[in-house]
Amino acid sequence: MKIGIVRFPGSNCDQDCYRAVDEGIGAEAVYLWHKSHDVEGCRAILLPGGFSYGDHLRAGAIARFSPIMREVIAFARDGGPVLGICNGFQILCEAGLLPGALVRNDSLRFRSHPVRVRVERTDTPFTSKYDDGDLLRMPIAHGEGQYVADQRVIDALEGERRVIFRYVDELGQPTEGANPNGSVRNIAGICDERRRVVGLMPHPERVVSKLLGTDGLGVFQSLIESLQATGSTAKQAEEAGDGPGTEAAEAAEASAP
Amino acid sequence: MRFEIEIRVTPREGIVDPEGQTIGQALGNLGYSGVHHVKAGRLVRFELDADDADEARSSVDRMCEELIANPVIERYEVEIGSPETASP
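Chains as they are written, first to last, in numbering that gives the first Met the number 0: chain C, 0 to 256; chain E, 0 to 87.
A hint or two may mislead.
Derived DEER-like restraints, expressed as beta-carbon distance ranges [to be verified]:
1. Leu211(C) - Gly13(E): 35 to 41 Å
2. Leu211(C) - Glu54(E): 51 to 57 Å
3. Val37(E) - Gln150(C): 42 to 48 Å
4. Leu107(C) - Glu65(E): 51 to 57 Å
5. Tyr31(E) - Gly171(C): 41 to 47 Å
Partial list, derived from the structure: chain C residues whose beta carbon lies under 7 Å from chain E [said to hold, decoys possible]:
6. Arg57
7. Ala100
8. Val102
9. Arg103
10. Leu107
11. Glu143
12. Val147
If you're looking for bench data, these hints aren't it; they were derived computationally from the structure.
We treat Cβ as the ideally placed atom computed from N, Cα and C, and that holds for glycine.
Using the sequences plus the hints, can you model the full thing?
In structure tokens form, the structure reads like this:
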């Protein structure tokens, strides 16, 4: 069960994502180069943090047009699970897979420190192992993490319960003081309408070890569990694959214990 | 024909513009009173080959919508110079 990690020029959390998948949950991780036209049969795709293409123009604006993103967009449209972390979240917004945008932090400063986030929803492939309301401690490291969208979009996100993570204080309250970047409604992460594409600014892949904390491990454990449970993504893998026979192989893999 | 294109991208109304706010604050600190609603943006300038100004305009509009501006947070203005004034 392969999980693809996209590498853009300027990605710098790709190795952390690789280790979170490889060592964190013992699944097969592969890098997908930005110039590639193939997701290589991966069952899920991670867009890591960093400064893809130097953040030129706007964060994520250029990465969005790379060849691999065309494949990632098709993969997501077919219902494949996609997680964008930090710069990956910015790319998902620029690509239109998630609504809204991430703009300069209200402090105008690059913020790099641990934050507390509350798990708002567990009905996504990346949060199912958590409980609603779980408080997690994860690092943030971004200059452009202020989530904005027009009122109509915000109402839809709240109404459809698509806010997945929120910045909160130690009591679990989404206070102004707990908001590191001025994000509207303390939003730290959201999902798409089908709840298969998730983006967040904090870095779960940096807290998957005893030394640094394990609060982010659940994101990756959730993914594996969801892939094992459904097996339905075999269809996307087959469609994204490069020839006949993949479907049978994937189906066999999916039904294996 | 070659047209000189100038695109100004600014934050949309209602979208926070911390850079503009900071410039406004700094101007106040320097003693420049009466400065209001500072907006900071981006200027993109290039030359474009097109058959006529209309074609240039629609082509630049598409460029802006697709890449140069993010319509979610930004608005843009396009200025197209006459081809006579453009440098060869």
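Hint check:
A hinted range of 35 to 41 Å for the beta carbons of Leu211(C) and Gly13(E) is consistent with their spacing of about 39 Å. For Leu211(C) paired with Glu54(E), a C-beta distance near 56 Å keeps the hint of 51 to 57 Å intact. Remark: the range hint 42 to 48 Å for Val37(E) to Gln150(C) is contradicted by a beta-carbon distance near 24 Å. Checked against the hint of 51 to 57 Å, the C-beta distance between Leu107(C) and Glu65(E) comes to roughly 28 Å, which is inconsistent with it.
Hint check: Tyr31(E) to Gly171(C), Cβ distance near 44 Å, so the stated range 41 to 47 Å holds. Given the 7 Å rule on beta carbons, the hint for Arg57(C) holds: about 6 Å separates it from the nearest Cβ of chain E. With 7 Å as the threshold, the beta carbon of Ala100(C) comes within range of chain E, its nearest partner Cβ sitting at about 5 Å, so the hint holds. Of the supplied interface hints, the one on Val102(C) holds, with its beta-carbon coming within about 6 Å of a beta-carbon of chain E, less than 7 Å.
Interface hint at Arg103(C): satisfied, since its Cβ lies 5 Å from the closest Cβ of chain E, which is below the 7 Å cut-off. Annotation: Leu107(C) was flagged as interfacial toward chain E, and the flag holds, the nearest CB pair being 5 Å apart, inside 7 Å. With a least beta-carbon distance of about 10 Å to chain E, the hint placing Glu143(C) at the interface is violated under the 7 Å criterion. With a cut of 7 Å, the hint placing Val147(C) at the interface with chain E holds, because the nearest CB-to-CB distance is about 6 Å.
When each numbered hint is compared with the structure, violations occur for hints 3, 4, 11.
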